[in-house]
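Just so you know, the protein sequences line up as chains A and B, in that order.
Taking the numbering used here, the leading residue of the first sequence gets 1, the next gets one more, and so forth.
Taking the numbering used here, the leading residue of the second sequence gets 271, the next gets one more, and so forth.
Just so you know, the hints here were simulated from the structure itself, not pulled from any lab data.
Keep in mind that a hint or two might mislead.
In silico lysine-lysine, DSSO-like type, Cα no more than 30 angstroms apart, as pairs [as the list claims (entries may be wrong)]: (1) B:420 <-> A:187; (2) A:252 <-> A:45; (3) B:420 <-> A:80.
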Amino acid sequence: MSARPASVGSAGASADTHITVRGLSKAFGGQPLYSGFNLDFPRSKITSIFGPNGCGKSTLINMISGLIPVDAGEVLFDGKRLSETVIGYVFQNYRDALFPWKRSIDNIKYPLQLAGQSPADCEARTQELIASFDVRFDLNRYPYELSGGQQQLISIMRALAPHPEVLFLDEPFSALDYEMTLFMRDKLQAIFASTGTTMIVVSHDLEEAVYLADEVLMLTRRPTRVADVVAFNAPRPRFPKTLTSAEFMAAKAQCLDVFQREVQTKELAQ
Amino acid sequence: MEARSLLRTFSPAFGAIGFVFLWWLVAQLKLIDPVLLPSPQDSAQAIWTGFVKGNLMADLRVTVVRTLLAFLIATLICVPLGLVLGSSVRVYRSLEFVIDFFRSTPASALFPLFLVILGVGESTKVAVAAFGAGLLILFNTAYGVMNARKVRQAAAMVMGASRTRVLVGVTLLESLPQTFIGMRSGISFALVIVIVAEMFIGSTDGLGQRVINAQMIFNMPEMYAAIFTAGVLGYTMNLIFILVERHFVHWGGK
Numbered sequence: 001m002s003a004r005p006a007s008v009g010s011a012g013a014s015a016d017t018h019i020t021v022r023g024l025s026k027a028f029g030g031q032p033l034y035s036g037f038n039l040d041f042p043r044s045k046i047t048s049i050f051g052p053n054g055c056g057k058s059t060l061i062n063m064i065s066g067l068i069p070v071d072a073g074e075v076l077f078d079g080k081r082l083s084e085t086v087i088g089y090v091f092q093n094y095r096d097a098l099f100p101w102k103r104s105i106d107n108i109k110y111p112l113q114l115a116g117q118s119p120a121d122c123e124a125r126t127q128e129l130i131a132s133f134d135v136r137f138d139l140n141r142y143p144y145e146l147s148g149g150q151q152q153l154i155s156i157m158r159a160l161a162p163h164p165e166v167l168f169l170d171e172p173f174s175a176l177d178y179e180m181t182l183f184m185r186d187k188l189q190a191i192f193a194s195t196g197t198t199m200i201v202v203s204h205d206l207e208e209a210v211y212l213a214d215e216v217l218m219l220t221r222r223p224t225r226v227a228d229v230v231a232f233n234a235p236r237p238r239f240p241k242t243l244t245s246a247e248f249m250a251a252k253a254q255c256l257d258v259f260q261r262e263v264q265t266k267e268l269a270q
Numbered sequence: 271m272e273a274r275s276l277l278r279t280f281s282p283a284f285g286a287i288g289f290v291f292l293w294w295l296v297a298q299l300k301l302i303d304p305v306l307l308p309s310p311q312d313s314a315q316a317i318w319t320g321f322v323k324g325n326l327m328a329d330l331r332v333t334v335v336r337t338l339l340a341f342l343i344a345t346l347i348c349v350p351l352g353l354v355l356g357s358s359v360r361v362y363r364s365l366e367f368v369i370d371f372f373r374s375t376p377a378s379a380l381f382p383l384f385l386v387i388l389g390v391g392e393s394t395k396v397a398v399a400a401f402g403a404g405l406l407i408l409f410n411t412a413y414g415v416m417n418a419r420k421v422r423q424a425a426a427m428v429m430g431a432s433r434t435r436v437l438v439g440v441t442l443l444e445s446l447p448q449t450f451i452g453m454r455s456g457i458s459f460a461l462v463i464v465i466v467a468e469m470f471i472g473s474t475d476g477l478g479q480r481v482i483n484a485q486m487i488f489n490m491p492e493m494y495a496a497i498f499t500a501g502v503l504g505y506t507m508n509l510i511f512i513l514v515e516r517h518f519v520h521w522g523g524k
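Chain A with its partners taken away, still in its complex shape:
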């Protein structure tokens, strides 16, 4: 099953489809960005979204996660509406996304408290996360006292705390240095391996997009359509060595082809 552009009126989504996007339309200042956009996201896979600058990668996941209202269209999670679905969202800018007035540990507990869990349950779930992430630094510190990587780790733990059905990540590692990025990719893969949570990652780094993904969703320039869906089936866990494997190279080359075709088509048309 792949993240494929679905045709409207197709005979329902298959069992392996987790998120269905139908007839999505969004315009900014009269300029259509999405118009009648259809898409299926597969369950328990990592889907990366990649495309030219300004094609609305972040806008797409922001609409799916309800952060930006849609002009028209419908998004369903296993047939349920967003309001009936628990989702997690990791923002690019952890500094702006964490609550600096709460200690790190209370940031993690926040979504649990919102869900009305008892203090004991909040504590238990937090300890579980700490154990599974093997956190060694002091979570009683405030976020601004931690390093960038530690802060993004807190963001991810906060997003995962309520056992989300889908985890959205918007360029989650782009503000981190390379060493930290490699470490965080491993962490994310480990979470994925243990939970199987459906993940949607926006990336502006093709290497990262392919490395993390089961499928890379390639978008066109605006008005945005799906240019292609490139599968990458290298076994997990993947290591930095994966980056030099033939399989990776092939997938990346294919993505690059699609990307360049998209960029050039538009340039010729203009």
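Start from chain A and add chain B according to the hints.
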């Protein structure tokens, strides 16, 4: 090394010591008529006797109570109001001119109006001070809310927080650094207005009244004593506020 760090620790005191020394020198050399400028010793003596034997303490207390009362009223009304106004940019934009206009109007120009409405009494002084301080608090809070980082509100929303919870649990806290700036300016402003009101609108007590009385009977040491007490009061309130701010808004600027 040792000497340099010692120097750094005490450097803030140098200005103050220098100022008093200069004052002492000018008084000693009688460069200014001693009736107009008494020596630092005489002024210090006046402060001492004012507190111990006179009613400087009572006047100080009255001024503090008026200022705090005005500040409290302004805060209780204007922080929630600023929060509501700031969370709707459209509403704020439509009221911006009115708020800006009255903020720019000298609050002291409103004394006669408040006198007509509230009469010569305690309430007029407190009301004008609260009015002036309130506008400062109002627009700072509203700006704090309007400039709040949208990402944090989005983060809370996506985790399922209701609008009210986002407003109280995120936006309010997010605006707190700016709100505190408004409150700090507000309390200083309230003190200014209270002192002026005590001078000119039929007061029988308070530091402002003490300053003007001493001036009328040409008791310069006592006038300086009252002025310095007012200065220390203003400085202390600001200092306390900064300490409170640092404690409650520890994340400010980070």
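Now the hints, each set against the structure:
Of the supplied pair hints, the one linking residue 420 (chain B) and residue 187 (chain A) holds, its CA atoms being roughly 28 angstroms apart against a limit of 30 angstroms. The hinted pair formed by residue 252 (chain A) and residue 45 (chain A) meets the criterion: a straight-line CA distance of about 18 angstroms does not exceed 30 angstroms. A threshold of 30 angstroms between alpha carbons decides the hint, and for residue 420 (chain B) with residue 80 (chain A) the separation of about 27 angstroms falls inside it, so the pair holds.
Hint violations for this structure: none, all hints satisfied.
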